[in-house]
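Visitor: Keeping their order, the protein sequence lines are chains P and B.
Going left to right, the first sequence walks through residues -12 to 861 as the numbering used here numbers them.
Going left to right, the second sequence walks through residues 140 to 619 as the numbering used here numbers them.
Incorrect hints may have been included.
[Stated by the list, open to error] So the derived label-pair ranges between C-beta atoms look like this:
id	chain 1	residue 1	chain 2	residue 2	range
1	B	Ala322	P	Ala336	43 to 53 angstroms
2	P	Thr35	B	Ser490	51 to 61 angstroms
3	B	Pro176	P	Leu819	52 to 62 angstroms
4	B	Arg380	P	Pro212	51 to 61 angstroms
5	P	Ala336	B	Ser505	28 to 38 angstroms
6	P	Asp266	B	Trp235	17 to 27 angstroms
7	B	Pro606	P	Glu417	33 to 43 angstroms
8	B	Ser490	P	His27	32 to 42 angstroms
9	P	Tyr298	B	Pro606	16 to 26 angstroms
10	B	Val172	P	Ala336	15 to 25 angstroms
11	B	Asn398	P	Asp348	22 to 32 angstroms
12	P	Ala692	B	Trp166	50 to 60 angstroms
13	P	His27	B	Pro176	30 to 40 angstroms
14	P	Gln775	B	Glu373	54 to 64 angstroms
Worth flagging that the hints you see were computed from the coordinates, not collected in a lab.
None of these values were measured; they are calculated from a predicted model.
No residue lacks a Cβ here, since even glycine has one placed at the ideal position from N, Cα and C.
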Amino acid sequence: MKPKPLFMLSVLIITGIALTARPVFARLTANPPAQDLLQHPVFELLDTDGENVLNGSRPVSTMKTCGQCHDTAFITSHSVHVDLGQRGVAPPGQWNPLIYRYALPDDAAGANLSVEKWVEANAARMVGGGPAEAAGLEMDCFVCHLSNPNIAARTEALQQGKFTWANTASLVGTGLVEKSGESYTWIKPAFSEDGKLLPQFAGIQDPANENCAPCHGAVQYSQEPLVLTGCDLSQWQTATTGQVISPARIASSGMNLANKDSLTRSFDIHAERGLKCTDCHYSLNNPTYPQAANSPAFLKLDPRRLSISDYLQKPDHNLARSPNFQNENDAGLTSALQNCESCHDPKAAHAWLPYLDRHLDELACESCHAPRLYAPAVQSGDRTVLIHAEQSLKDVSTTNICRGVEGNGESLSDLVTGFAPVLLPREQMEGGAALAPYNLIATWYWVAGSPPSPISLEDLQTVWFEKGQISPEILSVLDTNKNGLLDENELRLDTTVKQMAVAGRLSKLGLENPHIVGEIRPYRINHNIIGRGWAVKDCKACHSDSSLITQPMKLASYLPGGVAPQFVSDNGAITNGDIYTENGALYYRPATRAQKIYVFGHDRVPWVDWAGALFFIGVLLAVSVHGGLRYFMVLRVSRVKPEYKKVYMYSVYERFWHWLQTFVITLLLFTGLIIHRPDMFGVFSFRYVVVVHNILAALLVINAAFSLFYHLVSGNIRQFLPHPYGFFDEAIVQARYYLQGIFKGREHPFEKIPEKKLNPLQQVTYLGILNVLLPLQIITGAMMWGVQQWPQIESWFGGLPFLAPFHSLVAWIFGAFIVAHVYLATTGPRPLTFIKAMIMGWEDVEIHETAPSKDEKVPSQPISPELKAGPVAE
Amino acid sequence: MKKYLPIWLIGLGATLAVIVIPVLIFWPKREPVRDNPQAHVLPTAIHTSHADIIQGPFNSPQEVTRNCLTCHVDTAAQVMKTTHWTWESQPFDVPWRDAPITIGKINQINNFCIGAQGNQKDCASCHPGYGWEEHAAYDFSNPENVDCLICHADTALYAKGDYGDPVEEVDLTAAAQSVHMPARENCGKCHFDGGGGNGVKHGDLDQSLIFPSAQLDVHMGEHDFQCTSCHTTEDHQILGRLIADNYSVNPEEQVACTNCHSTTLHKDERINTHVNAVACQTCHIPAMAVKNPTKVQWDWTTAGQDRLDDHYTFLKIKGSFVYEKNFRPDYTWFNGNLSYRYLLGDKIDPSQPTLINQPAGSIVDSQARIFPFKIHIARQPYDSINNHLLSPITAGEDGFWTHYDWDQAFRLAEPITGVEYSGHYGFTETHMYWPTTHMVQPKENALQCTDCHAAQGRLDWIALGYPGDPMEWGGRFASK
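Could you put the whole structure together from the sequences, leaning on the hints where they help?
Guide: Dropping the structure here:
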């Protein structure tokens, strides 16, 4: 393709400018100015009457100011941010014990809040608009769209009840407005003569990650090392999940992290690769992004889009996001759903991974790509006790126990260990469930009334404190060491007596049936993704006894009121595992088996293994006893050496077929055992053993097929078919021989001849093995192998949870058969006769007087009178 | 029995072959080894101790050389062919001169101590020869003047002083007996201390490399490379040179990362696509002068002032300086050559900074890569009538460093350098580019995407010729 002349020309011009502009070097000059290719136009700041704010001293109205060009009414009407993610939830919204309040304001009784109190309580994370408009707080566009909004000043204003001034406070420090005493003054030089902002002050932009940070969690982009202490709920996402959005290497953080030097990866690969929050969480009608909404399946792309100007006028403030995100009512927003596959093609990236479809079906990407979080997160919160008399809502939310850190995490020197999330089945967008990482947070709190609802903080304070001191009644019960103070271990309602003391006082307040309830909420982990270099790739990470998929997660170190908490899940997590206590601490262990997930090397059915092993050992014992008796009764006694003749018993193909199957079955049993119990065979690579097992299985099937063909075509198949007439008699004769005659050194009841090599017992045994066991093993094995090709077919048979144990059971029987088979092979005239014959083809057959001929090729007559020779193939 | 043996062996072999062959065919393929740099590193020859071979005493350093030459017959002749000895390149043409020119310490200037001509008393202490005096013609063809010891003796036992002669205290016999393969200290004697002190000239070479940590330099620290591990030597011709004293460089003379490393060694193909536009050094040398500071600014105008001397900020003989430590390099396109090298007599525009050397390359040069440089900025003297840079006599009895008299220093230099001096001088800003290629840090310290691809990233895309961040606007060859 020819270079485009226009492009080349522009490159030349730019290069020319660059060359003549030299030498102006970055280090001598300041940082180059940010390259705003499309800067926001200058505009007037208007107050609620639409007057320029300079004409009076009134606060800025974002609705009027931004409303000059943008449809602010449209934006506030639907933005998920105005109601703190509670759209569609009736007031008072969801109860959140972590912050000890409902999500939405409601003046009704109990723990609910008025709008004013709600705004104050949520000041640091309050965008405004929606319910807050009742308190005079407009949605604050600056918080998200200004490069450096003053969140601290804004929060302070909200906490002081200056709702109408809060959005003006966001501008303090930008050079537009200053705070003098209790009032705000507009700085005139920042405006041009016509009352508009000077261009350098009109820095309205797409939300940067730093804009999302104040409400959502730790974001670190500067060169300063990241420092986190404890699990402070003011960084909500970080506190609840340990997620940190930063391109920095973990090793370069300021935290006292265990094994820090080796953590040379970044906190989040997407941040590292320069993605912004809004790259995935984009405005839903932004025409730059795919518009999948309501498109019929045959359309890959609907080219009909909003024009840029339409979009800028009415930008949708619903943002794309993952399904079932925390605390949200999702109905009708499927077009907003984003997941890893929206950008990534996992199949293209995982060509190395065996059973790819299976893995992708059962595992969410995050399970392997977010296996550990390197920041503290909340483990549990006990809201049944109070510490200070003046405890505010904010203080209540700080009394949490953190996980991923040693000590309470308040000091910089506390060792941060990070934590591995627990894997819970998560409902998938396309149906089904896949294991995905979560943090579990357990909380306990008092409820009363019917239906029971959380009691208010005020009531709790009244009960706990008298005149600013802990109520003597409660103190006397809790203060076990009688020193007049409650330490950390005493401030727990861990006995019925303690619980009753508080409950009694609550009842006295008129609360009906006060009692403690506990709940566990799973918080999903979708960020802090790591690249392929760091992701979980070792098969044994899951295919082993210590599998990641059932690693328990500690929920709490004690149970307030002895109350076992219940799961509350509104984000797609399926919680069907076991909650159990160990040494007084509470744990959750996922139950993947309940999810019909069977992981080789991790999952086993105990009775199958016990039964199989017992059968195997029983056979081993039986042949040992039998062999021992034979040795003492017959073999030790020297006999008259009979004469032998050589009979060509096994053709080359028969021997090849036999020995190939011998090797293959032995190796299959061995590799199968490794796959079954990889922890016992640590030296073997799980992955390679699976490959070998599959190849061997294919060989077994091919060998069996060829052999069947041979036996059918040659007619030798008849050797394996018992002749119905007299079969039982013969079988009894043979059985009596093995039980009696053999010990007396008697001859075999049926002479082995090339045309009839099998005695009746062998016939029936092989009939069972070849027609029942082998096909069963092949079919179950093939279905296990094909579980990703034809998952539907497998599910008819109960899937892997049925197929795999069945396969194991048959394998045990095969193992037992081999023991018996090898032992019976020693029951020839001499112990090695049969084995040699199977190797060489020629068997030493004893010459009996009744034998009519010494010609090897002529079949011998049966020596037993009972035997009626069956049809013999010529 | 014996006659059957082969038959069952054949059977066993055939049976096992039927099993083993499919297993081998379907065995999961391992990822091919992307990079095996150690395979390219030459083994270090074991050196024979000369402690018992060399018998003293030696009365002059030339006697030592003569002694060396009795066994290593050709070596002096080899050394005398090198630019280490001649301090001068082969003649070549430059666009702005009619006649072919040569460039070297012998005839050109920099923006540190400016010029060696006439200053041999001091400057020749880094010349691998003896007795080079400014006033007498130097015999470059006398093999006995070759200084074997500067490169081969234990640096604790040997040091050079005025005119390249050993300092008086040196025990020549002990020094000669200590000879070995050149170690980092030997090369470092001149290359770490160039410009008059530790780390002055090179931002990537200083005494911290004598005992480097793996974090400082992965080659010399973690793998204990000597300089000669990469700068391999044949007949005393040492491989590797960059552009400070050159105009163009033959690629075959270069040491490149790719001599040992594959260009597609990154597991992430996205990083491998960077290799077309970004030099290895750019990402793998995130900072210069990591431990010891290097000089980034030198202002000769304050030289001679009576102020308290301080090594890092002011010396009366040299003027004022700025040193920096552990700082990010400057980046520009570089194809290995220069597009301009200031030659004595070239006119300058004193109102503009003069580039002593300007790296060649641009966004449209497919051979050019974005490369890290230390830029040394000086204010140095020029002839304010003739508008060309001046090279003063600084060393010696009559030099600037004795009398602090610029006028005298330029007049004395005029007959030696041949650069006309009008009697009027001023000071002008000059820039010099020093490529950064040592102090390669472990891969864990390499730059990450957002170091460049971010609002306040390291690279000024517009200045480099891109329409914007190529992560969003596409790379430079996208239109092909």
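Visitor: Compare the structure with each hint and give your call.
Guide: Here is how each hint holds up against the structure:
1. B:Ala322 - P:Ala336: 43 to 53 angstroms: holds (47 angstroms)
2. P:Thr35 - B:Ser490: 51 to 61 angstroms: holds (57 angstroms)
3. B:Pro176 - P:Leu819: 52 to 62 angstroms: holds (58 angstroms)
4. B:Arg380 - P:Pro212: 51 to 61 angstroms: For Pro212 (chain P) against Arg380 (chain B), whose Cβ atoms are near 39 angstroms apart, the range 51 to 61 angstroms is violated.
5. P:Ala336 - B:Ser505: 28 to 38 angstroms: holds (31 angstroms)
6. P:Asp266 - B:Trp235: 17 to 27 angstroms: With a Cβ separation near 50 angstroms, Asp266 (chain P) and Trp235 (chain B) fall outside 17 to 27 angstroms, so the hint is violated.
7. B:Pro606 - P:Glu417: 33 to 43 angstroms: With Cβ atoms ~40 angstroms apart, the hint holds.
8. B:Ser490 - P:His27: 32 to 42 angstroms: holds (39 angstroms)
9. P:Tyr298 - B:Pro606: 16 to 26 angstroms: holds (24 angstroms)
10. B:Val172 - P:Ala336: 15 to 25 angstroms: holds (21 angstroms)
11. B:Asn398 - P:Asp348: 22 to 32 angstroms: About 48 angstroms separates the Cβ atoms of Asn398 (chain B) and Asp348 (chain P), which means 22 to 32 angstroms is violated.
12. P:Ala692 - B:Trp166: 50 to 60 angstroms: violated (24 angstroms)
13. P:His27 - B:Pro176: 30 to 40 angstroms: violated (50 angstroms)
14. P:Gln775 - B:Glu373: 54 to 64 angstroms: At roughly 59 angstroms between Cβ atoms, Glu373 (chain B) and Gln775 (chain P) fall inside 54 to 64 angstroms, so the hint holds.
Hints 4, 6, 11, 12 and 13 from the list above are not met by this structure, while the remaining hints are.
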